[in-house]
Structure formats: C-alpha cells, structure tokens
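Asks: Please build the complete structure, drawing on both the sequences and the hints.
Protein chains: 2
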Amino acid sequence: MVMRVPQELVDLRREELRRLIRRDGFLPVAEICRRLAVSEATVRRDLVAVEANGHITRTYGGALADYNSSFASVTERSGRARPAKARIAECAVAQIPRTGTVFLDAGTTIEAVARALTHRRDLTRLVVVTNSLAAATVLGGATGVELHVLGGMFLNRQAALMGAQAIKALGDWSFDAAFLAGEGMDAAGISNSHEHIAGFQRALLPQAQRVCFCLDASKLDRATPHRVATWRQLSALITDASTSQLVAAGIRLPANKYLHA
Amino acid sequence: MVMRVPQELVDLRREELRRLIRRDGFLPVAEICRRLAVSEATVRRDLVAVEANGHITRTYGGALADYNSSFASVTERSGRARPAKARIAECAVAQIPRTGTVFLDAGTTIEAVARALTHRRDLTRLVVVTNSLAAATVLGGATGVELHVLGGMFLNRQAALMGAQAIKALGDWSFDAAFLAGEGMDAAGISNSHEHIAGFQRALLPQAQRVCFCLDASKLDRATPHRVATWRQLSALITDASTSQLVAAGIRLPANKYLHA
DNA sequence: TTTTATATGATTGGGGTCAATCATATAAAC
DNA sequence: GTTTATATGATTGACCCCAATCATATAAAA
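Listed in order, the protein sequences are those of chains G and Z. By our numbering, the letter at position 159 of the first sequence is numbered 159, and the numbering carries on one by one without gaps. By our numbering, the letter at position 129 of the second sequence is numbered 129, and the numbering carries on one by one without gaps.
Please note that a few of the clues may not be correct.
[Claimed, not checked] Label-pair ranges, simulated between beta-carbon atoms:
hint	chain 1	residue 1	chain 2	residue 2	range
1	G	Ser-244	Z	Met-3	30 to 40 Å
2	G	Ala-49	Z	Thr-99	32 to 42 Å
3	G	Ser-174	Z	Thr-99	33 to 43 Å
[Said to hold, decoys possible] Just so you have them, the derived chain Z footprint on chain G, three or more residues with Cβ under 8 Å:
hint	segment
4	20 to 31
5	55 to 63
6	141 to 147
7	165 to 177
It should be emphasised that the hints constitute simulated quantities derived from the structure, not laboratory data. Computed from a prediction, not measured in an experiment: that's the story for all the values here. Idealized CB from N, CA, C, for every residue including glycine.
Replies: In structure tokens form, the structure reads like this:
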C-alpha cells in the first residue's frame with residue numbers, strides 16, 4: 001500500500017495521461033485506472049490537474065482530448081463566462097455570402113465562426129478554405145460547403161498549418177472574404193505572437209477582397225511582438241468591445257469598419 | 001402527450017442529432033434532450049440508431065462524433081472483433097526508421113499506423129507527411145515528429161485531402177517510405193473505389209523509395225473500379241492474410257514483399 | 001374504416017460516477 | 001533525524017446514467 005510517490009513520478013504519470021487521451025481521443029475513467037495502474041481517486045485528481053492545464057476536457061465517465069478545440073457544450077455547461085466568441089462568430093457568419101470563396105484562419109475565435117457557419121442552411125456552393133484543422137473537422141460534411149485545406153507544417157499549439165508551403169498554396173487562391181484571428185490589438189493595428197502566423201497572415205492580406213479580423217475584447221491593448229496589419233489594411237474588425245473601449249486603447253475606426261457583436 | 005410521430009420527422013431529427021454531435025464534438029445526453037426537446041428515452045433510442053449507421057460513438061453520459069476516427073478504447077471495449085488493423089499497424093511502424101521522411105495515407109488502417117507511431121519513443125527527427133486529417137490529429141504534438149499536411153479538397157467520407165492541389169503539393173516531397181491503404185486486392189494488384197484517391201496514390205508512387213500497402217484480409221479478392229498499383233510497383237504488402245489466402249486469390253509475392261502481421 | 005405497427009414518455013431497478021472526507025505512509029523541508 | 005507537507009487509496013452518500021418494461025396515442029397498412 002504505497003502512500004506517497006515522488007513529485008517527478010506524478011508529473012510523468014500526468015504527461016502519460018495526456019498522451020493516452022490524445023492518442024485515443026476519449027478514455028473512460030476505468031480504462032485509465034487500468035492503464036496507469038492507480039486508483040480511481042488518483043485518476044480523478046490527475047484529470048482535474050491535466051484539465052486545468054487546458055489539454056483535455058472531462059466528461060461524465062471519462063475525458064476527451066480537445067485537440068485545440070473548445071467543446072462548446074461542455075465548456076458552456078461548466079459555467080464558464082458566456083462566450084463573447086459565439087456572438088462574434090454569429091456576426092462574422094452574417095457577413096458570409098451564400099456563395100463565393102472565403103478563408104478561415106486558425107484560432108478558437110475563428111473556430112467558433114466555423115461552428116456557427118454550420119447553422120446556416122441557405123448555403124449552396126460556398127467554398128471554404130482553411131489552414132485550421134479544427135475548422136476543417138467541424139466543417140467537414142457540412143451541406144452546401146466545399147471545403148479545402150491548405151497544406152503546411154503543423155503547429156502543435158495552434159493546430160494550424162503554416163510555413164512556406166502554406167504561403168505558397170495561398171497563391172492559388174483569391175478570396176471574396178477572409179476571417180482572421182489575432183492575439184493583440186492597439187493603436188497601431190493587429191499583432192500576433194508567432195512569427196509563422198504573422199508571416200502567413202501578411203501573405204494572405206493581398207489575396208482577399210475583404211479582410212475581417214475577429215478579436216474579442218480581452219485582446220485590447222495587448223501588444224504582441226509580430227505586427228500583422230494596420231487598421232488601414234483591414235476591411236472590418238468584428239469584436240465585442242465597445243466603441244469607448246476601442247477609443248480608450250487609441251483605436252478609432254470608421255463606422256463601416258467596426259462591427260459590434 | 002404526443003405518442004407517435006411520422007417516420008419522416010424521426011429521420012430528420014436523427015440527422016439533426018448527427019449534425020449537432022458533429023458540430024460540438026461531444027454532447028451529453030441531457031443537453032441533447034434540451035436541444036431536440038424530446039425525452040431521455042427517445043434520445044437514447046436515437047443514439048443507438050445513429051451509432052449503428054456509424055457516424056458517432058456513444059460514451060457513458062453522451063456521444064462523440066467519430067470524425068472518421070475509430071476511438072480505439074471505446075470500440076475495443078464494445079466487444080468488437082480484435083483488430084487485425086492494430087497488428088498491421090505494429091508491423092508497419094516497425095518498418096519506420098528513427099529519422100527520415102515518410103508519408104501516411106488516409107483510411108482507418110493507416111490511422112492505426114499513426115496511433116501506433118505515437119508509441120515509439122525513439123523518434124528524433126522523423127518527418128511525417130499526410131493527407132489524412134485523422135492521422136494529423138493523432139500525430140499532432142507527438143514528440144520527435146515534425147508533421148506536415150498536404151493541402152487539397154476535403155473528401156468527407158475519407159476525411160482526407162485529395163484533388164489537384166494535393167497532387168501538386170506532392171511534387172515538393174520525396175519520401176523514404178510511404179504507407180498506403182487500399183480497398184481491394186486481387187491477382188492484378190491494388191485498387192480503390194474512388195477516382196480521386198486512386199489518382200492521388202498513382203501520383204505518389206514515384207515520389208517514394210519504398211511503397212508499403214497496408215490491407216487487412218477482408219480486402220482480399222475484392223475488385224474495386226480504380227486500379228492503383230500492380231504487385232511489381234509496390235515494395236511490400238503488410239497484411240494479416242496468410243500466404244495460402246493470398247495464393248487462393250491468385251496473389252504470389254516474393255518473401256521480401258510480404259510482411260505478415 | 002378498421003387493424004396493425006410503432007414511436008413516445010414514464011417508471012423502475014441496478015449499477016456506475018463523482019466529490020468529499022479520512023487515515024496513512026512516504027517524500028520533502030528543516 | 002525530526003517535522004511538515006502531501007500523494008495515495010478506501011469509504012461514503014448523493015446523484016446520474018442506462019436498459020428494460022409498459023401503457024398509450026397516433027401513423028401506416030389493410
């Protein structure tokens with residue numbers, strides 16, 4: 001009857017747990033007990049720990065890997081803040097025509113757009129291009145949507161395809177509209193924290209007639225290292241932030257560039 | 001207190017259920033009740049119906065979308081046939097060097113290879129290229145693996161990327177080994193049922209030094225319309241079928257081309 | 001119209017899941 | 001070495017999930 005175990009082993013076991021869940025997509029608690037050879041209580045404790053780090057989502061009876069995907073129903077039910085992202089997504093989807101070619105970026109906000117897009121029933125021949133695995137997964141099989149995925153190097157953290165190949169693949173396309181995410185916005189414009197992402201987004205700008213950035217208010221006044229676009233370069237900002245919040249951050253947009261969600 | 005409803009409405013509701021689960025990835029039973037406004041009993045009945053059609057996987061407390069992905073633990077636990085695919089996958093993974101560049105095709109068999117690959121701990125700089133969203137999802141974040149995804153049009157049924165762009169993207173690569181799936185094998189060779197897939201695989205053959213096809217015994221003597229490769233063209237067949245089974249189907253392979261799983 | 005088939009919701013019993021609590025043995029800190 | 005902190009497994013009670021059964025109202029068939 002072992003009662004305490006070195007911290008190191010605990011961490012190793014939790015990493016193992018993360019890998020197990022990632023590999024199988026879903027694991028019931030009892031199964032985890034078997035594989036890790038620990039009691040139910042310990043498994044549950046491990047699950048809350050791993051979930052806190054944001055890599056899995058617990059369900060009744062087990063746990064899911066969230067491959068960078070926010071399982072809407074679960075997270076909502078778990079009492080989290082009512083998602084501004086959902087409202088942003090609704091607003092973005094309203095911008096999308098019934099037919100044409102649009103691009104969807106990676107990131108949880110744009111993933112919400114993909115989700116909301118599946119609500120639309122009036123789509124006929126909408127071509128959606130994305131570099132987001134999550135968006136592709138959600139939109140795969142949606143009626144009225146022809147889905148294309150850009151190639152590229154897989155970035156684990158974003159579950160997105162980036163790099164030279166992705167940029168090269170962009171050259172084949174011309175979009176009616178593109179919906180992009182960002183990690184920070186301030187007076188100067190939109191910025192992102194990863195060079196790969198920023199480079200990709202910069203390469204995308206000239207390929208789209210309309211460029212819509214979708215950022216929730218938490219991104220306000222956050223400066224991240226890589227500049228992506230100035231306010232002049234984008235067609236619209238879709239956000240839940242109010243005008244006064246924007247002005248306080250030094251952002252002043254003409255009415256036709258500001259879409260309040 | 002409505003007691004019976006037209007068949008048509010039942011079917012519509014079940015399609016709706018499939019879409020709901022697909023969109024959210026996971027839904028608890030209670031949530032489904034709310035959204036479809038039916039009782040728990042009906043939801044459970046619908047779940048078994050939809051699951052029988054193979055689009056979702058039930059879990060304790062809800063249901064998962066299986067985006068063309070076989071949730072190993074769940075399906076194994078549900079008493080299904082002991083997967084020959086797993087043994088094929090083990091055998092395939094043993095062929096993969098610690099470093100180099102390999103290609104993984106779409107299909108559940110190759111997805112099993114991806115899963116098995118995550119078991120390997122000795123990988124250092126293995127470059128994996130795939131056109132399978134499922135494989136990408138599984139391998140994303142695997143240690144020692146640099147993952148690339150080919151671009152292309154998303155085929156719903158296979159959850160794979162195909163078409164002209166995928167073939168074009170192939171041109172940038174040269175593989176040490178490629179692991180491909182097929183839907184039929186007979187005396188003439190390997191065949192597939194979809195033109196897009198067959199075309200893509202034919203384009204891949206010259207890009208790989210070793211071409212390994214992975215097909216389980218159920219594919220024996222099944223003729224599907226689109227020829228992909230003759231036995232001369234491939235480097236190895238990885239299968240659980242025995243030599244005598246192969247011979248009975250008119251397939252005779254040199255020892256170095258036959259890997260028994 | 002009459003008959004049959006069936007989709008539905010309610011109920012019930014059995015079992016599984018979960019969070020909280022507790023004693024304990026061992027790691028870590030002193 | 002002594003003390004403190006903590007990771008573990010067992011237990012408990014409440015809650016939830018599930019399959020099976022049943023009566024019923026209505027669709028579908030005759």
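Asks: To test your reading of the hints: which numbers does this structure violate?
Replies: 1
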